[in-house]
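Visitor: Given next are the chains, with one letter for each unit.
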Amino acid sequence: MSQHKDAPENKLLTIEEAAEFLGVSRGTFNKIRHENKIPEIVVGKRPRFFASELIAVLSRRTSSATKQRKKMRNKVALNVLSDDSVEDLETQKNIFDLKLIAQIDPYGALSLLCKLIVRAKSAKKVELLIDDRSICQYLKTIHFFYHLEREENILWDRKILQDATIQDTSILMPIHAIRVKGGERIIAENLLRLLRQQGFKDPVGRAISIVLGELADNTMTHSHENLSERVCYVSAKRFIWGESNCIVVGVADPGLGIPTTLKRNPKYSDLSQREALLASFRPYVTSWKDSPRGKGLTDVMSIALGNRSMMRVETGDICLSMDFRDKENPIIRFKEPMADVNGTRFGLILIDTNFEKTDRKAVDVLISERVGK
Amino acid sequence: MTVIKLIQYGAVLTGREFGADVMKGLATQVTYPVCLDFEGVESIGSSFGDEVIPALASHQDNKISIKNANETVRSILRDVASDAGIKLDMA
Numbered sequence: 155m156s157q158h159k160d161a162p163e164n165k166l167l168t169i170e171e172a173a174e175f176l177g178v179s180r181g182t183f184n185k186i187r188h189e190n191k192i193p194e195i196v197v198g199k200r201p202r203f204f205a206s207e208l209i210a211v212l213s214r215r216t217s218s219a220t221k222q223r224k225k226m227r228n229k230v231a232l233n234v235l236s237d238d239s240v241e242d243l244e245t246q247k248n249i250f251d252l253k254l255i256a257q258i259d260p261y262g263a264l265s266l267l268c269k270l271i272v273r274a275k276s277a278k279k280v281e282l283l284i285d286d287r288s289i290c291q292y293l294k295t296i297h298f299f300y301h302l303e304r305e306e307n308i309l310w311d312r313k314i315l316q317d318a319t320i321q322d323t324s325i326l327m328p329i330h331a332i333r334v335k336g337g338e339r340i341i342a343e344n345l346l347r348l349l350r351q352q353g354f355k356d357p358v359g360r361a362i363s364i365v366l367g368e369l370a371d372n373t374m375t376h377s378h379e380n381l382s383e384r385v386c387y388v389s390a391k392r393f394i395w396g397e398s399n400c401i402v403v404g405v406a407d408p409g410l411g412i413p414t415t416l417k418r419n420p421k422y423s424d425l426s427q428r429e430a431l432l433a434s435f436r437p438y439v440t441s442w443k444d445s446p447r448g449k450g451l452t453d454v455m456s457i458a459l460g461n462r463s464m465m466r467v468e469t470g471d472i473c474l475s476m477d478f479r480d481k482e483n484p485i486i487r488f489k490e491p492m493a494d495v496n497g498t499r500f501g502l503i504l505i506d507t508n509f510e511k512t513d514r515k516a517v518d519v520l521i522s523e524r525v526g527k
Numbered sequence: 006m007t008v009i010k011l012i013q014y015g016a017v018l019t020g021r022e023f024g025a026d027v028m029k030g031l032a033t034q035v036t037y038p039v040c041l042d043f044e045g046v047e048s049i050g051s052s053f054g055d056e057v058i059p060a061l062a063s064h065q066d067n068k069i070s071i072k073n074a075n076e077t078v079r080s081i082l083r084d085v086a087s088d089a090g091i092k093l094d095m096a
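Protein sequences appear in the order of chains C and V.
Using this note's numbering, you'd call the opening residue of the first sequence number 155 and step up by one each time.
Using this note's numbering, you'd call the opening residue of the second sequence number 6 and step up by one each time.
The set of hints was computed from the structure by calculation and includes no laboratory data.
All values derive from a computational prediction rather than experimental measurement.
Check each hint, because a few of them may be wrong.
What the hints assert, rightly or not - Keeping only pairs whose Cα atoms sit at most 30 Å apart, straight-line, the calculated DSS-like set for lysine-lysine is:
1. C:LYS253 - C:LYS278
2. C:LYS421 - C:LYS191
3. C:LYS199 - V:LYS92
4. C:LYS443 - V:LYS29
5. V:LYS10 - C:LYS335
6. C:LYS443 - V:LYS10
7. V:LYS68 - C:LYS443
8. C:LYS417 - V:LYS72
9. C:LYS355 - V:LYS72
10. V:LYS72 - V:LYS29
11. C:LYS515 - V:LYS92
12. C:LYS489 - C:LYS421
13. C:LYS253 - V:LYS92
14. C:LYS335 - C:LYS421
15. C:LYS229 - C:LYS417
16. C:LYS355 - V:LYS10
17. C:LYS185 - V:LYS29
18. V:LYS10 - V:LYS92
Stated by the list, open to error - If you want a taste of the chain C side facing chain V, the calculated C-beta under 7 Å gives, among others:
19. ARG202
20. GLU343
21. GLU368
22. GLU510
Unchecked claim - Estimated spans, in silico, between C-beta atoms of each pair:
23. C:GLU523 - V:SER87: 51 to 61 Å
24. V:LYS92 - C:LYS443: 40 to 50 Å
25. V:ARG83 - C:LYS313: 48 to 58 Å
26. V:LYS68 - C:LYS443: 26 to 36 Å
27. C:THR507 - V:HIS64: 35 to 45 Å
28. C:THR507 - V:GLN13: 56 to 66 Å
29. C:ASN344 - V:GLN13: 28 to 38 Å
Just so it is clear, CB atoms sit at the ideal spot from N, CA and C, and this is done for glycine as well.
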């Protein structure tokens with residue numbers, strides 16, 4: 155099909171016209187423009203946009219909205235690997251239907267927990283719809299509801315799960331809230347013992363103890379201005395993936411989030427939120443000025459790389475997904491978050507195998523390549 | 006040589022502040038040279054290691070002897086030593 159320069163899709167629009175075209179404010183348009191990297195040409199020092207590029211953006215947004223609506227009608231999977239969101243459970247404003255959950259792992263449970271806790275701070279009332287079937291029973295067994303008890307305005311019918319208990323040997327560690335530095339070491343030691351009893355290889359348990367130690371210590375150091383508000387939730391579960399025995403670990407906090415914390419260091423203050431999240435995994439990148447710190451997240455990633463596993467980290471509305479199963483073609487990409495909420499959520503899958511972490515240089519190279527793209 | 010058994014601080018040694026606290030305690034009681042015994046220690050975080058290993062090594066020509074460290078611990082110790090420019094003697 156031939157394209158004529160006067161065709162409507164080839165029309166050049168100013169910022170104001172483009173915003174009107176998409177039906178959004180100028181500020182929102184600027185956000186969309188940067189997020190979608192909409193091509194622009196400069197005419198007389200001012201950017202202009204092809205209508206065809208805006209139609210493409212509109213189409214992607216519509217497709218995303220359709221997908222969202224479709225999810226609303228279906229069951230929702232909340233795990234490290236899924237694309238679903240905890241927002242899919244919010245059938246009405248401040249009403250979350252937990253009956254819609256088909257699958258959930260520690261990462262999903264902690265994402266949902268943080269979402270509800272943060273929402274409860276701003277909403278007068280948050281209601282949970284539950285039943286006495288397996289997912290809600292599982293959530294009760296991992297102490298999910300126990301951790302919500304602190305929030306007075308989160309309501310659910312407690313009688314429904316009053317007598318419910320399930321025996322689930324896949325639960326390695328129910329949700330623990332760490333509120334004091336050092337608490338993570340006791341939890342990590344207990345988990346390590348349990349993993350050994352269950353026949354996991356030593357390198358896996360040891361790696362997990364480092365992951366818990368580094369991430370929880372980060373949270374207890376940075377996550378909130380007010381010391382008493384700092385809390386780190388952790389949980390772990392075993393599962394079979396293909397033919398491999400695996401463990402999935404979730405670590406989360408409803409605090410400031412990695413980019414906000416990192417950008418306190420003037421050296422990184424100009425980075426976008428996404429750039430800051432990526433950069434935080436590079437060695438020696440830290441929120442502390444002139445400090446040799448900033449190795450914890452690098453070590454966590456080097457463990458995931460060495461184990462050839464998967465990791466996911468979310469902060470605010472940004473989600474970074476890492477898939478290291480193919481050694482020659484590691485994938486690091488941004489995707490839709492599971493929970494658009496303040497704070498940070500980590501999900502790490504480790505495969506039960508003898509392995510060694512990679513060196514930090516490999517992590518640095520990988521991140522540098524991703525930043526370059 | 007003084008042998009410091011690190012298991013007295015736990016099987017999982019992570020956290021920069023914890024490392025700094027441990028080092029503070031060691032600084033008042035050890036006689037150099039020292040050797041670090043990791044028997045029973047399952048893992049160590051680099052932040053903990055950063056606070057302890059270079060500080061001890063600085064009193065003994067930037068060298069330190071390590072024994073009974075598993076491969077996970079050794080791997081982190083190598084990173085710590087590389088960052089701090091110290092030499093490890095791993096038995």
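Visitor: For every hint, state whether the structure bears it out.
Guide: Tested hints:
{"no.": "1", "hint": "C:LYS253 - C:LYS278", "result": "22 Å, holds"}
{"no.": "2", "hint": "C:LYS421 - C:LYS191", "result": "25 Å, holds"}
{"no.": "3", "hint": "C:LYS199 - V:LYS92", "result": "58 Å, violated"}
{"no.": "4", "hint": "C:LYS443 - V:LYS29", "result": "23 Å, holds"}
{"no.": "5", "hint": "V:LYS10 - C:LYS335", "result": "23 Å, holds"}
{"no.": "6", "hint": "C:LYS443 - V:LYS10", "result": "34 Å, violated"}
{"no.": "7", "hint": "V:LYS68 - C:LYS443", "result": "28 Å, holds"}
{"no.": "8", "hint": "C:LYS417 - V:LYS72", "result": "40 Å, violated"}
{"no.": "9", "hint": "C:LYS355 - V:LYS72", "result": "22 Å, holds"}
{"no.": "10", "hint": "V:LYS72 - V:LYS29", "result": "22 Å, holds"}
{"no.": "11", "hint": "C:LYS515 - V:LYS92", "result": "20 Å, holds"}
{"no.": "12", "hint": "C:LYS489 - C:LYS421", "result": "26 Å, holds"}
{"no.": "13", "hint": "C:LYS253 - V:LYS92", "result": "58 Å, violated"}
{"no.": "14", "hint": "C:LYS335 - C:LYS421", "result": "28 Å, holds"}
{"no.": "15", "hint": "C:LYS229 - C:LYS417", "result": "38 Å, violated"}
{"no.": "16", "hint": "C:LYS355 - V:LYS10", "result": "25 Å, holds"}
{"no.": "17", "hint": "C:LYS185 - V:LYS29", "result": "50 Å, violated"}
{"no.": "18", "hint": "V:LYS10 - V:LYS92", "result": "20 Å, holds"}
{"no.": "19", "hint": "ARG202", "result": "50 Å, violated"}
{"no.": "20", "hint": "GLU343", "result": "5 Å, holds"}
{"no.": "21", "hint": "GLU368", "result": "5 Å, holds"}
{"no.": "22", "hint": "GLU510", "result": "6 Å, holds"}
{"no.": "23", "hint": "C:GLU523 - V:SER87: 51 to 61 Å", "result": "23 Å, violated"}
{"no.": "24", "hint": "V:LYS92 - C:LYS443: 40 to 50 Å", "result": "30 Å, violated"}
{"no.": "25", "hint": "V:ARG83 - C:LYS313: 48 to 58 Å", "result": "56 Å, holds"}
{"no.": "26", "hint": "V:LYS68 - C:LYS443: 26 to 36 Å", "result": "31 Å, holds"}
{"no.": "27", "hint": "C:THR507 - V:HIS64: 35 to 45 Å", "result": "40 Å, holds"}
{"no.": "28", "hint": "C:THR507 - V:GLN13: 56 to 66 Å", "result": "32 Å, violated"}
{"no.": "29", "hint": "C:ASN344 - V:GLN13: 28 to 38 Å", "result": "19 Å, violated"}
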